[in-house]
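A.B. asks: Residue strings, one per chain:
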Amino acid sequence: MYIFQNALKNLVRNLGRNIMIGAIIFAIILTTVITLIINNTASAVIDDYKGRFGSEVYIRPNMEKVRDEAMKNSKDGRVMMRMPQISSELYLQFTNSEYLRESILTGSRGANNSDIHAIDQDDNSEANGNSGLSASSGGMMQAMRLDGGNFQLLGDSWQDFNDGLRSFESGTFPQNDNECVISTELRDANNIKIGDHLTFTAKVDIDTPIDLDTSGLSEGDTVEVNGTEYNVSISAMETVRLDRDVTYELEVVGVYDDLTDEYANENMTKAAFLNKRNEVLTTLPTLLAARKSDETGIRINATYYLKEPDMISDFEAQARAMGLPDTFDVETDAASYDNVVKPVLGLKNISITFMIAVMVMGAIILLLLCSISIRERKYEIGVLRAMGMKKFKVALGLWTEILTITCICLVIGLGLGVTAAQPVSDAILKSQVSAAQASAPQVPGGMMVAGKGGPMTSMGPGGFMSGGASQAQPLSEMKITLGLNTILELILISILLASFAGLVSISKITKYEPIRILMERN
Amino acid sequence: MGVLTLNNVTYKYEGTKKYVLNGVDASFEAGKVYTIVGKSGSGKSSLLSLIAGLDICTGGTILHGDHDIKNLNRDEYRAKGIGVVFQSFNLLTNSSAIENIVLSMNISESKEVDKKAFAYALLEKVGIDRETADRKILKLSGGEQQRVGIARAISHNPEIVIADEPTGNLDSATEEEILNIFSALAHDEGKCVIIVTHSKKVTTIADVIYGMSDGKMAQMKKRD
Ligand SMILES: Nc1ncnc2c1ncn2[C@@H]1O[C@H](COP(=O)(O)OP(=O)(O)OP(=O)(O)O)[C@@H](O)[C@H]1O
Ligand SMILES: [Mg+2]
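Those sequence lines, one after another, are chains H and V. Following numbering that gives the first Met the number 0, the numbering of the first sequence begins with 0 at its first residue and continues without gaps. Following numbering that gives the first Met the number 0, the numbering of the second sequence begins with 0 at its first residue and continues without gaps.
With the rest of the complex left out, here is chain H (with noise of 0.2 Å):
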């Protein structure tokens, strides 16, 4: 008890020597405090990203590849590039992946309905061609028409319900497969009733088997492969298309009120098929039922979510084994990643170069202070060794003397280090975003595709037509916290500081025998 009592008077005693070996300490901790406290807010922030966003998965062409695709395959100096699919099969073979956390997809594809008449339908323009392109002034292309039709089937497409933006006005969701729900509007258009059944009509198609001979064949004519008989139309760029009719007859058992906009925007041509109306919701298994797995023609959305963000490469793997092609890229949103986490990595980076310098300093410098102190010192020990106070309570007073003065530094580095974290955290934050936004690339809201000497077209592969886009802000403001762990890690430290400069002076103190430093001095 007296030793304590006793390293307290000396703190008095020594005040100068003290408040020197203070302000050393108090400037590693002030730091420590900052550096802790913007590290772990940092971390939190890079984890919470990680888990909102980081784990979503993207599947998209690579356009770059693509096109060298496309030349390399070129004979004739004229490039023909198409949009690379990946088939509805393959889209639900990779929801099978153990590193997924959940898929979500949806289906959709055009169809056509003589019975009923869609909103904005246009009877005299060709509703059943396979070319229809729309373009929309401000140099964005919208989509290609590649499968025809004045209605959408959506399959399993309920966002809009969750959002708010549609409702039930009568009906449910669909409990069964060939049920559907349609729009109000389309329900008075044509006098339809819940229960009524509509019959759609649409295409699928089969890819060309490279074994058969095209040279013959003219619009119009069949052909069977693996069984089944396809027509055949042949494209203005003469390239031969094998489809077959399909028809879906859906039930209708619910009809929504629809608060979206009719078109994505106010510059689109009105076309029936772009008209969200006309959006006929059924399940996707309904969807896929009426093709074969070696057909295209229904459009799959997916969206896939990692278990943990870091499984991407073992994801991509799976998915190149079970068929993916190189020409798609298997990535998370990397813009949203660099926009977010980038300012927040180098900050991080920062501080703790910043955290490492002033304490490998501050420790040269207290461990200098100590050694003469303790010189200062020697004399003092000397005594209370002579009077018999044993080697371990003289140290143990000088730790509790130096653990003190940590101490009220602690106090008042915490105090001061919480203020100013935030400041300092803000200026710094301020130039990383900067920084990360100079080098950051301009990220493509859709994909532009530009044939040489064909006309500039511009597709949704799948789907996919925005999933690149970056929704992720980058970070302007990071909220400094301090938690319980960050007190405890700076207490730790702080302890392991005064320990580390008590441990000079008790080293010292080991060394002489009281007689030897009672000596020097007389």
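Treat the hints with caution; some may be incorrect.
Distance windows between CB atoms, simulated [stated by the list, open to error]:
#1 H:L415 / V:R129: 56 to 64 Å
#2 H:R515 / V:S26: 25 to 33 Å
#3 H:C406 / V:S26: 51 to 59 Å
#4 V:S87 / H:I371: 20 to 28 Å
No wet-lab data here; the hints were simulated from the structure. Beta carbons are placed, not taken as given, at the ideal position from N, Cα and C, and that holds for glycine.
Start from chain H and add chain V with the ligands according to the hints.
C.D. replies: Quick look at chain V with the ligands alone, frame taken from chain H:
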């Protein structure tokens, strides 16, 4: 059986060749005052530091009762068994006189209930008033420091009190008072008191006088 027995004690400082002590034999008993006289540099202080347990003799043995102090816990021995008045006082200069005494009592695990009151009284006894007792050692005169050193040496009521020139800085009137204290310690309280001195006056209270020269010690005739 003496309190302290020295058998053929030899000693040389580390790193030197010359033996400062060259076969010292002596026996010290309780209830007696011993003085050691001798020329400067004859090894008196060296001998005292061995007796004080601050260092270990190079050869021979020093017995405390019948324990070789080499084998004792010498921290314990210094704290409780012996009180030392150093030639150069060795007080904590940044602390007050009273703090020095109380700290020493604490180290010695003194059973005194009110250590501070006891220390004030003790200092009073060696001629240090309360005001002086509260002053830092740095701000005390040599004589005052010497008296604080004496008070500290006897504060924990040790069996053996050793003093190196305890009256060197004192006027003869004070010297007389201090000598009375030492005399009473031995003759009334039964302590073993060993004093190194140049002063003739000190030898007047001695029961036994040792003379030191050339690292040897011999008992001298007491001339009254
Ligand atoms: N630390 C030391 N290292 C080496 N030699 C020392 C040391 N201290 C003292 N001596 C030598 O040991 C011898 C005895 O010294 P000591 O201090 O015991 O003499 P003393 O009898 O106490 O003298 P004084 O009457 O002047 O106090 C001297 O020759 C001295 O020079
Ligand atoms: Mg001497």
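A.B. asks: So, for every hint listed, does it hold in this structure?
C.D. replies: To see whether the hints hold, each was checked on the structure:
no. : hint                        : verdict
1   : H:L415 / V:R129: 56 to 64 Å : 44 Å, violated
2   : H:R515 / V:S26: 25 to 33 Å  : 29 Å, holds
3   : H:C406 / V:S26: 51 to 59 Å  : 54 Å, holds
4   : V:S87 / H:I371: 20 to 28 Å  : 24 Å, holds
The structure fails hint 1 only (numbered hints given earlier).
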